[in-house]
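Student: Below, each chain spelled out in residue letters.
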Amino acid sequence: MKNFTSYLKKAFGITLVLIVLCGVVYPLVMTGAGQLLFKKQANGSMIEINGKKVGSELIGQEFEGEQYFQGRVSSVNYNVYSEKEKEDGTYTGPASGSYNYGSTTEELQTRVEKDMEAFQKKYENATGKELEGEVPADLLTASGSGLDPHISPASAKVQIPIVVANSGLSEEEVETIVEENTEHKFLGIFGEEKVNVLKCNIEIAEKMGVTLDE
Amino acid sequence: MLQIIITLAIYIALVIPVGNYMYHIATNRKTFADPVFNRIDRMMYKVCRIKGEGMTWKQYAISLLMTNAVMVFAGYFILRVQGILLANPNQIEGMEPTLSFNTIISFMTNTNLQHYAGESGLSYLSQMVVITFMMFTSAATGYAACMAFCRGITGNSKGVGNFYEDVIRITTRILLPFSIVIGILLIWQGVPQTLAGTATVETIEGRLQDIAMGPVAALESIKHLGTNGGGFFGANSSTPFENPTIISNLIELYSMMLLPGACVITFGKMAAERKKEKTGNAVAKIKRNVTCFGSQGRTIFAAMSILFLVGLTVCYLAEKSGNPLLAEAGLDQTVGNMEGKEVRFGVAQSALFTTTTTSFTTGTVNNMHDSLTPLGGMIPMLHMMLNCVFGGKGVGLMNMIMYVILAVFLCGLMIGRTPEYLNKKIEGKEMKLVAIVLIIHPLLILGFSALAVMTGAGQEGITNPGFHGLSQVLYEYASSAANNGSGFEGLADNTYFWNITTGLAMFFGRYIAMIAQLAIAGSFLAKRRVNETVGTLRTDNVLFVFILVFVVYIFAALTFFPALALGPIAEHLVLWMP
Numbered sequence: 001m002k003n004f005t006s007y008l009k010k011a012f013g014i015t016l017v018l019i020v021l022c023g024v025v026y027p028l029v030m031t032g033a034g035q036l037l038f039k040k041q042a043n044g045s046m047i048e049i050n051g052k053k054v055g056s057e058l059i060g061q062e063f064e065g066e067q068y069f070q071g072r073v074s075s076v077n078y079n080v081y082s083e084k085e086k087e088d089g090t091y092t093g094p095a096s097g098s099y100n101y102g103s104t105t106e107e108l109q110t111r112v113e114k115d116m117e118a119f120q121k122k123y124e125n126a127t128g129k130e131l132e133g134e135v136p137a138d139l140l141t142a143s144g145s146g147l148d149p150h151i152s153p154a155s156a157k158v159q160i161p162i163v164v165a166n167s168g169l170s171e172e173e174v175e176t177i178v179e180e181n182t183e184h185k186f187l188g189i190f191g192e193e194k195v196n197v198l199k200c201n202i203e204i205a206e207k208m209g210v211t212l213d214e
Numbered sequence: 215m216l217q218i219i220i221t222l223a224i225y226i227a228l229v230i231p232v233g234n235y236m237y238h239i240a241t242n243r244k245t246f247a248d249p250v251f252n253r254i255d256r257m258m259y260k261v262c263r264i265k266g267e268g269m270t271w272k273q274y275a276i277s278l279l280m281t282n283a284v285m286v287f288a289g290y291f292i293l294r295v296q297g298i299l300l301a302n303p304n305q306i307e308g309m310e311p312t313l314s315f316n317t318i319i320s321f322m323t324n325t326n327l328q329h330y331a332g333e334s335g336l337s338y339l340s341q342m343v344v345i346t347f348m349m350f351t352s353a354a355t356g357y358a359a360c361m362a363f364c365r366g367i368t369g370n371s372k373g374v375g376n377f378y379e380d381v382i383r384i385t386t387r388i389l390l391p392f393s394i395v396i397g398i399l400l401i402w403q404g405v406p407q408t409l410a411g412t413a414t415v416e417t418i419e420g421r422l423q424d425i426a427m428g429p430v431a432a433l434e435s436i437k438h439l440g441t442n443g444g445g446f447f448g449a450n451s452s453t454p455f456e457n458p459t460i461i462s463n464l465i466e467l468y469s470m471m472l473l474p475g476a477c478v479i480t481f482g483k484m485a486a487e488r489k490k491e492k493t494g495n496a497v498a499k500i501k502r503n504v505t506c507f508g509s510q511g512r513t514i515f516a517a518m519s520i521l522f523l524v525g526l527t528v529c530y531l532a533e534k535s536g537n538p539l540l541a542e543a544g545l546d547q548t549v550g551n552m553e554g555k556e557v558r559f560g561v562a563q564s565a566l567f568t569t570t571t572t573s574f575t576t577g578t579v580n581n582m583h584d585s586l587t588p589l590g591g592m593i594p595m596l597h598m599m600l601n602c603v604f605g606g607k608g609v610g611l612m613n614m615i616m617y618v619i620l621a622v623f624l625c626g627l628m629i630g631r632t633p634e635y636l637n638k639k640i641e642g643k644e645m646k647l648v649a650i651v652l653i654i655h656p657l658l659i660l661g662f663s664a665l666a667v668m669t670g671a672g673q674e675g676i677t678n679p680g681f682h683g684l685s686q687v688l689y690e691y692a693s694s695a696a697n698n699g700s701g702f703e704g705l706a707d708n709t710y711f712w713n714i715t716t717g718l719a720m721f722f723g724r725y726i727a728m729i730a731q732l733a734i735a736g737s738f739l740a741k742r743r744v745n746e747t748v749g750t751l752r753t754d755n756v757l758f759v760f761i762l763v764f765v766v767y768i769f770a771a772l773t774f775f776p777a778l779a780l781g782p783i784a785e786h787l788v789l790w791m792p
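Chains as they are written, first to last, in our numbering: chain A, 1 to 214; chain B, 215 to 792.
Among the clues, some could well be false.
Unchecked claim - Listing some non-contacts, in silico: residues in chain B with all C-beta distances to chain A over 12 Å:
id, residue
1, S509
2, L523
3, L660
To be verified - With a cut-off of at most 30 Å between alpha-carbon atoms, the simulated DSBU-like pairs for lysine-lysine come out as follows:
id, chain 1, residue 1, chain 2, residue 2
4, A, K9, B, K265
5, B, K643, B, K272
6, B, K638, B, K272
7, A, K9, B, K638
8, A, K157, A, K129
9, B, K646, A, K9
10, A, K122, A, K84
11, B, K638, A, K10
Keep in mind the hints are simulated off the structure, nothing from the lab.
Beta carbons are placed, not taken as given, at the ideal position from N, Cα and C, and that holds for glycine.
Can you make the complete structure from the sequences, with help from the hints?
Tutor: See the structure below:
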């Protein structure tokens with residue numbers, strides 16, 4: 001019994017010491033260091049326009065307006081909501097994740113077919129022509145986090161005619177915007193080419209003269 | 215493809231110096247950082263009244279269990295009452311009992327299976343004091359057990375070491391300094407580290423967006439370093455705030471691969487040192503050859519690498535070939551299967567991350583495993599079933615040595631000699647313990663899976679129909695028993711049934727194996743050395759690497775093939791040959 005209490009005492013001691021060290025001191029030191037060294041990143045890499053936060057450059061957003069690029073499919077709507085949706089309980093708070101459909105799950109096919117139809121219609125309405133060729137895989141598949149801020153350059157390209165028609169900007173202007181917001185592979189090897197949707201759309205809004213500073 | 219190869223090449227360059235550093239710590243040798251750490255450690259020993267006397271394997275096991283038990287109770291209590299404690303800006307309530315049980319077992323056993331979503335289930339205090347704390351201690355526990363095991367099996371010292379001292383030394387000398395550096399790098403890449411609550415912004419279309427944040431970076435670094443894997447957010451490392459760029463992705467990959475690989479090197483050096491001691495100073499020559507791995511370590515590292523590369527290749531090719539059903543719907547599949555993946559990682563880095571997280575049993579995910587192609591999803595499942603392809607912190611090496619002993623034993627039977635490993639005879643007692651370790655794992659996975667598909671409570675959780683449904687169940691228990699923690703997240707698993715059964719799988723999967731392995735170490739330590747003869751089976755050459763790989767695959771095929779055939783393999787056939 002004496003043995004047992006001695007084990008117990010040591011176990012309590014070490015638990016307490018490690019809780020303080022790893023659970024309190026360590027995260028607080030990290031918070032201090034982060035806030036001191038990388039203030040912007042430590043607070044979520046927010047994009048501010050005229051002193052007002054409109055989003056984070058790392059987190060995607062859902063866009064309804066057809067003059068904007070659309071991002072990837074999100075199972076959580078990018079946590080974007082209207083006042084009304086919050087009041088009536090459609091929006092229940094921030095989340096992340098995906099639909100988790102398996103490759104053979106029927107819902108996956110149904111969802112892609114439905115989105116495909118909607119996209120083709122959107123394209124036709126904007127340009128008066130039928131969409132030729134295939135749609136890039138990333139545009140109509142759901143991202144893992146539901147918050148993916150990027151689309152592939154191919155997915156941006158396929159949308160350019162839609163954006164041009166609905167925004168009144170010229171094709172060159174939109175192409176430049178896409179190009180400027182394309183991020184390249186790290187050292188030319190690692191990762192993928194990608195376009196930041198929110199940054200593109202902010203530039204489109206600015207070019208269209210939408211006032212963002214109320 | 216090129217980026218995968220280069221990523222792995224850099225890994226090899228990194229793991230060798232780290233393995234060397236860990237060897238110094240495991241054997242209590244001098245390192246450059248001693249002047250600082252000695253002081254910190256001494257202070258902590260004093261507070262906890264640790265004297266540092268050597269322990270027998272039984273004492274070591276009891277201290278390990280008691281310490282973990284106390285931590286479990288402390289953590290459980292905090293989770294239950296988190297609603298009324300400090301640092302709770304998002305006003306999250308206390309956690310439900312079975313979910314708390316599952317969560318606490320999950321984090322104490324280094325599994326990090328999560329049946330809650332971090333955004334809505336945990337206060338910042340719980341994220342720090344329970345989750346981050348347990349990520350450190352469970353990793354330190356696993357590695358301490360491994361060090362004791364190595365000391366026993368290589369038979370250098372009198373006891374297997376002192377558990378308390380090991381845990382503290384690992385925490386202060388390896389985990390904390392590495393975590394701080396990695397954490398700061400992650401913040402630089404864009405991982406938030408703040409105590410402020412969720413931010414709400416107005417979008418350019420005049421709607422609102424909630425952006426969840428918190429002290430993420432501190433958790434993120436130890437989550438990978440300790441092969442824990444439990445995310446701050448529900449979607450884990452696919453969330454941009456946990457893994458914002460390709461650079462952060464590489465950092466996270468390396469942090470989870472580093473220490474399990476280094477463990478093998480540590481073991482190799484300890485085994486080599488034993489040999490040197492025995493034969494005296496005359497063989498200083500050997501020393502040069504063992505500077506990198508040590509010959510016994512090299513065999514194990516090579517076998518693990520082969521298993522890893524085979525899995526990676528299958529997973530990558532399967533993902534790259536995409537989903538024919540979506541191609542039919544007019545979606546271009548040339549880049550591969552993008553459902554559940556992030557654009558910034560693409561198929562290559564996702565496949566690499568998936569194979570790594572399940573081989574090193576971390577359980578963090580940068581894409582959703584439920585949406586992998588059938589064969590792409592089979593590889594992570596298989597590697598958790600093998601549970602020895604590098605494996606989690608420390609325990610992977612111990613599991614691999616179980617297979618080594620099994621391989622030596624089988625070969626011994628074939629050539630009709632008493633099997634030996636590291637100059638110790640392997641006898642009935644050790645083989646019984648090895649059999650326990652090797653059988654408990656499939657028993658937990660297949661037994662619980664059978665229970666789940668037989669009962670209504672289990673079936674309710676399955677969300678995908680047909681063969682994929684069985685894959686969901688198998689994956690969940692494989693992940694629990696292997697202490698991995700990733701999931702086919704479609705499974706509706708926050709129910710009494712799933713919380714309790716997976717909790718039990720994690721608990722037994724961790725502790726039964728660990729105690730049996732410590733017992734083996736103890737029994738090795740007590741044995742007399744036998745001299746090597748011409749007839750001794752060599753365990754440090756290329757032939758043995760292949761024998762080992764073969765034994766692992768045969769064992770897996772015998773136990774798991776029927777289940778895999780009904781799950782992922784059948785789904786693959788349905789998908790490609792309708």
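Student: So, against the hints stated earlier in the document, which numbers end up violated here?
Tutor: 7, 9, 11
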